[in-house]
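Q: So the chains spell out like this:
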Amino acid sequence: MKQFKRLDHPPRFAECILRMILPDGGWDTPLGDFEELYKNISMEKGYIFARFWYWSQVVKLIPVKIVNSLYWRKIMISNYLKMALRNFRRHKIYSFINIMGLAIGMACCILVFLYVNHELSYDKYHMDGDRIYRIAQNIRKDVAELDTARVATPLIPAVRESILEVESAARFQLATWDSLVERGEKKYYEDWVMIAENDLFDVFTIPFLRGNPEKALDRPRTVVITERVAQRYFGQDDPVGQTLRLWGNQVEVTGVISDCPKNTHLKYDIIISLNGFERIWNLDNWGWTGFYAYVKLRPNVEPKNFEDKIRHIADIYAKKKLEEWREDFTFYLQPISSIHLRSNLVLEIGSSGNPRDIYIFSVIGILILLISCINFTNLATARSTDRAKEVGVRKVMGAHRSQLTRQFLLESILASFVSLMASVIIVVLALPYFNMLTGHSFERYQLFNPKIILMLLGFSVFIGVMAGSYPAFLLSRFMTVRVLKGLKGLTSKGNLMRKVLVVAQFSITILMAIGTLSVYKQIGFMKNKHLGFDKHQKLIIPTDMSDRYESIKNEFLNYPTITGATACWNVPGRLTNLIEARLVGEIEEKTQSMNFYYVDSDFIPEYKIEIIAGRSFQKDIQTDIEGTFILNKTAYEAFGFSFPEEAIGKKMYEGGSGGIGTIIGVTEDFHYKGLQTKVEPLVLQWRPDYFSYLSLTVKTENLSGTLSFVRKKWNELQLGGLFSYFFLDEDFNRHYQSEESLGRLYAALTALAIFLSCLGLAGLSSFTAEQRTKEIGIRKILGASVPNILILLVSEFMKWVMVACVIAWPAAYFIINRWLQGFAYRTSLSFWLFGLSAAFALFVAILTVGYQSLKAAVANPVDSLRYE
Amino acid sequence: MKLITRAEELILLAVWKLGGNAYCVPIRAQISEITGENWSLGSIYMPLDRLVKKGYLLSYLSDSTPERGGRHKRIYKLTDIGVKALLHVRQVQAEMWRDVPESFRKA
Numbered sequence: 000m001k002q003f004k005r006l007d008h009p010p011r012f013a014e015c016i017l018r019m020i021l022p023d024g025g026w027d028t029p030l031g032d033f034e035e036l037y038k039n040i041s042m043e044k045g046y047i048f049a050r051f052w053y054w055s056q057v058v059k060l061i062p063v064k065i066v067n068s069l070y071w072r073k074i075m076i077s078n079y080l081k082m083a084l085r086n087f088r089r090h091k092i093y094s095f096i097n098i099m100g101l102a103i104g105m106a107c108c109i110l111v112f113l114y115v116n117h118e119l120s121y122d123k124y125h126m127d128g129d130r131i132y133r134i135a136q137n138i139r140k141d142v143a144e145l146d147t148a149r150v151a152t153p154l155i156p157a158v159r160e161s162i163l164e165v166e167s168a169a170r171f172q173l174a175t176w177d178s179l180v181e182r183g184e185k186k187y188y189e190d191w192v193m194i195a196e197n198d199l200f201d202v203f204t205i206p207f208l209r210g211n212p213e214k215a216l217d218r219p220r221t222v223v224i225t226e227r228v229a230q231r232y233f234g235q236d237d238p239v240g241q242t243l244r245l246w247g248n249q250v251e252v253t254g255v256i257s258d259c260p261k262n263t264h265l266k267y268d269i270i271i272s273l274n275g276f277e278r279i280w281n282l283d284n285w286g287w288t289g290f291y292a293y294v295k296l297r298p299n300v301e302p303k304n305f306e307d308k309i310r311h312i313a314d315i316y317a318k319k320k321l322e323e324w325r326e327d328f329t330f331y332l333q334p335i336s337s338i339h340l341r342s343n344l345v346l347e348i349g350s351s352g353n354p355r356d357i358y359i360f361s362v363i364g365i366l367i368l369l370i371s372c373i374n375f376t377n378l379a380t381a382r383s384t385d386r387a388k389e390v391g392v393r394k395v396m397g398a399h400r401s402q403l404t405r406q407f408l409l410e411s412i413l414a415s416f417v418s419l420m421a422s423v424i425i426v427v428l429a430l431p432y433f434n435m436l437t438g439h440s441f442e443r444y445q446l447f448n449p450k451i452i453l454m455l456l457g458f459s460v461f462i463g464v465m466a467g468s469y470p471a472f473l474l475s476r477f478m479t480v481r482v483l484k485g486l487k488g489l490t491s492k493g494n495l496m497r498k499v500l501v502v503a504q505f506s507i508t509i510l511m512a513i514g515t516l517s518v519y520k521q522i523g524f525m526k527n528k529h530l531g532f533d534k535h536q537k538l539i540i541p542t543d544m545s546d547r548y549e550s551i552k553n554e555f556l557n558y559p560t561i562t563g564a565t566a567c568w569n570v571p572g573r574l575t576n577l578i579e580a581r582l583v584g585e586i587e588e589k590t591q592s593m594n595f596y597y598v599d600s601d602f603i604p605e606y607k608i609e610i611i612a613g614r615s616f617q618k619d620i621q622t623d624i625e626g627t628f629i630l631n632k633t634a635y636e637a638f639g640f641s642f643p644e645e646a647i648g649k650k651m652y653e654g655g656s657g658g659i660g661t662i663i664g665v666t667e668d669f670h671y672k673g674l675q676t677k678v679e680p681l682v683l684q685w686r687p688d689y690f691s692y693l694s695l696t697v698k699t700e701n702l703s704g705t706l707s708f709v710r711k712k713w714n715e716l717q718l719g720g721l722f723s724y725f726f727l728d729e730d731f732n733r734h735y736q737s738e739e740s741l742g743r744l745y746a747a748l749t750a751l752a753i754f755l756s757c758l759g760l761a762g763l764s765s766f767t768a769e770q771r772t773k774e775i776g777i778r779k780i781l782g783a784s785v786p787n788i789l790i791l792l793v794s795e796f797m798k799w800v801m802v803a804c805v806i807a808w809p810a811a812y813f814i815i816n817r818w819l820q821g822f823a824y825r826t827s828l829s830f831w832l833f834g835l836s837a838a839f840a841l842f843v844a845i846l847t848v849g850y851q852s853l854k855a856a857v858a859n860p861v862d863s864l865r866y867e
Numbered sequence: 000m001k002l003i004t005r006a007e008e009l010i011l012l013a014v015w016k017l018g019g020n021a022y023c024v025p026i027r028a029q030i031s032e033i034t035g036e037n038w039s040l041g042s043i044y045m046p047l048d049r050l051v052k053k054g055y056l057l058s059y060l061s062d063s064t065p066e067r068g069g070r071h072k073r074i075y076k077l078t079d080i081g082v083k084a085l086l087h088v089r090q091v092q093a094e095m096w097r098d099v100p101e102s103f104r105k106a
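Going down the list, the protein sequences come from chains A and B.
Under numbering that gives the first Met the number 0, read the first sequence as residues 0 to 867, first letter to last.
Under numbering that gives the first Met the number 0, read the second sequence as residues 0 to 106, first letter to last.
The shape of chain A in the complex, shown without the other chains (with noise of 0.2 angstroms):
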């Protein structure tokens, strides 16, 4: 029975689209027609049969209907298009503001799109990405745990030899000293010099414009160069076959690749045969963390299962050591696109992305449209009172509501697109200004693929709809009546919600104020602490020194504005050496990874780093050289002493040569790293074989002099390779540069959503006072005076800046702290930069308000009163 009642109606989805299609109001009795119809022909000819009808009926009327309306409505929208540029004409400057705070608003999303979308293209480019992954290496000894990009150097070969999942593994390690590279004539420092097998080239996608990449990397001493190097030592020259010399020595070019790309967490600019390097470095060593490994699975592999098989392998192949060790290794797979952002480890390549920035910037991004939507709508709904009488002959003419409607709608998608145009104009001409601002190098050709072009044109007709939708709503809703009569209380209502987004745009402007001040702050802070060293006027030269280091510096000494020297393996900020170390002759034989810094007698002293016990290293006793160690204060608590001088005469062993020493000192903690991370266990030692940088300590008078003397004394003694040098502070404070840019972009962000918010503010402030011109006339004849005027009209829009303070307060207190917990070290939250932004908002806002409040109170009343 159910089952006849429901065939006996027609198909319910057929009369829905045909309720839609038939004109609003009339298809009650058609329905009724076709539904009885529908039921004599199912009587007839059966269910089956009358149900196609009906469909068919439907299927019919559409493109009739689609015809019509399009017809009628290619009539109408001519029209509105026609009203719309006599608006754009008549209103010039009030379109003007419209348009460009929108375009503003739009340019600022599309930058910050480019550059999010920048940093979530890393490392998508290569072929079979999903199944490339790096492993990782979490090292484990007693309580200290270690996780880092870099593996020991024999897992790649295991894994090879041992796991059928896997179709090729890659193992590289990076130079991490300096790589003069040669070519008669031309030298120059390369930055990236890799040293790697020909795996690499099956693993990632390394296109090769010569050469062979099966063979490139067989032989010793072959090296595969970018373009970009090729051009530098070759030119137009093919430099396959030819010679180059890197470290001293001649290397072969066995091939050319295309330059490293940027969305690469990867960098490249040489790539050295590993092959041969086994005679100098001990490839079998567990306990070297020395190469980065990749690995593509073959397909169809769960990732998982391959993890599980490798987790423990060193296990398998090296479960003496690790006992010895008592070290314990799990290792681990990252999906290679996610290294840039979300991977941290430590020896990381380069510095990785942050995906709290890239979170940030979107927000920053959607809040600066944000606000210039609301000034778009704040405008059109403040100019409602122009467009009422319109809006009330239209009604009149007969116009629908849903009309209307569209017509503002029409209107606003068209003038969101012509902003779109001025905005792309805008992002060509800022792109430069904006690779400065975030250091990275956006081309214009990646404006215009059509992946962002549709998004753009999306994006206006979603903008247009967006601001544009409440005026529509708004203007449609006015009664005829009402309208033409006159406009009294026609926009309260609008004046209310004009307010509550005036409060939201001002609410976003503190916000990013009080943000960007406090990153400021931050980095004020970060480069002005003491770092327990004296990181000032020193002059750092590469140098390949050898046993001739003490005389060296006393070359050097004897210029009047040099006032020390030193020497040292590395410079604090730079990289440290991760050496296992280890207490001997103890109960208990902690274990434990730490930095090992190697240093001439003098750095001490020279650097000012304060010894809290013991002595320093003693340039007359030569048991110091290598026999002896330092430690920070880190490094003894590491150790489990309470006091520092239970440290002093211990005997501690170090993985890095083998040997054993004594420590003779511990030195309070200095930052040899950024203040993002807490400072580390450290091991300061006497090693003269391992110098390679000379550490001058100069006067700030003739700087240029000292410069010269050092160059030319540099030379006169052959230090080897070319000249090159830095000062200590400068190159510290590039921990800081991400920080900086950061800032930078906030500023420049800041001061434009500022400049938007005022625009839309001064539009507002000029149509309240034009509103209010006949009472401000009055006003004045009563005897009210040009301030008392001012101060009417500022107070309103002041008490609504004021609320957007109260309102911006607890957010940014709340985001702030956040991003402040990512420091180790880090300033304090203060209140006055809270107070400080709040009070520029208000100032800010006076200005644009004040101006615009000035000109209709100095009015004369005689005009004013006239106005109509």
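Simulated from the structure, these hints should not be mistaken for laboratory data.
Since the structure is predicted, the reported quantities are computational estimates derived from the model, not experimental observations.
Any given hint might turn out to be false.
What the hints assert, rightly or not - No farther apart than 25 angstroms at their CA atoms in a straight line, the calculated lysine-lysine pairs in the DSS-like style are these: (1) A:K64 to B:K16; (2) B:K1 to B:K53; (3) A:K394 to B:K52; (4) A:K677 to A:K520; (5) B:K52 to A:K64; (6) B:K16 to B:K53; (7) A:K303 to A:K318; (8) B:K76 to B:K53; (9) A:K388 to A:K773; (10) A:K712 to A:K698; (11) A:K528 to A:K712; (12) A:K38 to B:K16.
Claimed, not checked - Pairwise CB distance ranges (calculated): (13) A:F461 to B:L57: 46 to 52 angstroms; (14) B:L57 to A:R11: 30 to 36 angstroms; (15) A:R11 to B:L17: 29 to 35 angstroms; (16) A:N67 to B:L57: 23 to 29 angstroms; (17) B:L17 to A:K64: 28 to 34 angstroms; (18) A:N67 to B:P25: 25 to 31 angstroms.
Yeah, the Cβ is synthetic: ideal placement off N, Cα and C, and Gly gets one too.
Place chain B on chain A using the hints.
A: Positioned in the frame of chain A, the structure of chain B alone reads:
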């Protein structure tokens, strides 16, 4: 007076014949039956609308009935000018046919 079209003429006649029950479904049924062609509802609506606009027909909503899913019928009634229009078209036709030879008429 402007001439009505053939479809309009057919519909007016159908409405007249159906008397108080002249709404879309029976009108279509009757015209389809007599002409032997399958008229769609749409082809009835259009002239019906036009005729109402011209004033040849009046329409009103009748009660709803269950077989129509509870929807109203729109009943049409001939107006005086509607009748006149019908008579007019018939007269014109007769005039036109008058001198046509008998032999032709039979063929």
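Q: Look at each hint and say if it fits the structure.
A: Hints, one by one, checked against the model:
Proximity of K64 of chain A to K16 of chain B is assessed by CA-CA distance (about 32 angstroms); at most 25 angstroms being required, the pair is judged violated. A distance of roughly 11 angstroms separates the Cα atoms of K1 of chain B and K53 of chain B; the hinted pair therefore holds under the 25 angstroms criterion. For the hint pairing K394 of chain A with K52 of chain B, the CA-to-CA distance comes to about 24 angstroms; that is within 25 angstroms, so the pair holds. Note on K677 of chain A and K520 of chain A: the hinted pairing holds, with a Cα-Cα distance of about 19 angstroms set against a maximum of 25 angstroms.
About 21 angstroms separates the Cα atoms of K52 of chain B and K64 of chain A, which keeps this hinted pair within 25 angstroms; it holds. About 20 angstroms separates the Cα atoms of K16 of chain B and K53 of chain B, which keeps this hinted pair within 25 angstroms; it holds. For the suggested pair K303 of chain A and K318 of chain A, the alpha carbons sit about 23 angstroms apart, so the restraint of at most 25 angstroms is met. At most 25 angstroms may separate the alpha-carbon atoms for a hinted pair to count; K76 of chain B and K53 of chain B meet this at roughly 13 angstroms.
For the given pair, K388 of chain A sits about 20 angstroms from K773 of chain A by alpha-carbon distance, which is consistent with the 25 angstroms threshold. Note on K712 of chain A and K698 of chain A: the hinted pairing holds, with a Cα-Cα distance of about 17 angstroms set against a maximum of 25 angstroms. Of the supplied pair hints, the one linking K528 of chain A and K712 of chain A is violated, its CA atoms being roughly 34 angstroms apart against a limit of 25 angstroms. As the CA atoms of K38 of chain A and K16 of chain B are separated by approximately 24 angstroms, the hinted pair is consistent with the 25 angstroms bound.
Hint check: F461 of chain A to L57 of chain B, Cβ distance near 50 angstroms, so the stated range 46 to 52 angstroms holds. Evaluation of the 30 to 36 angstroms hint for L57 of chain B and R11 of chain A yields a pass: the beta carbon distance comes to about 33 angstroms. The beta-carbon spacing between R11 of chain A and L17 of chain B, approximately 31 angstroms, falls within the hinted interval of 29 to 35 angstroms. Look at N67 of chain A against L57 of chain B: about 26 angstroms separates their beta carbons, and that is inside 23 to 29 angstroms.
A C-beta distance of roughly 29 angstroms is found between L17 of chain B and K64 of chain A, which places it inside the suggested range of 28 to 34 angstroms. Between N67 of chain A and P25 of chain B the CB atoms are about 28 angstroms apart, so this pair conforms to the stated range of 25 to 31 angstroms.
When the structure is compared with the earlier hints, violations turn up for hints 1, 11 and for no others.
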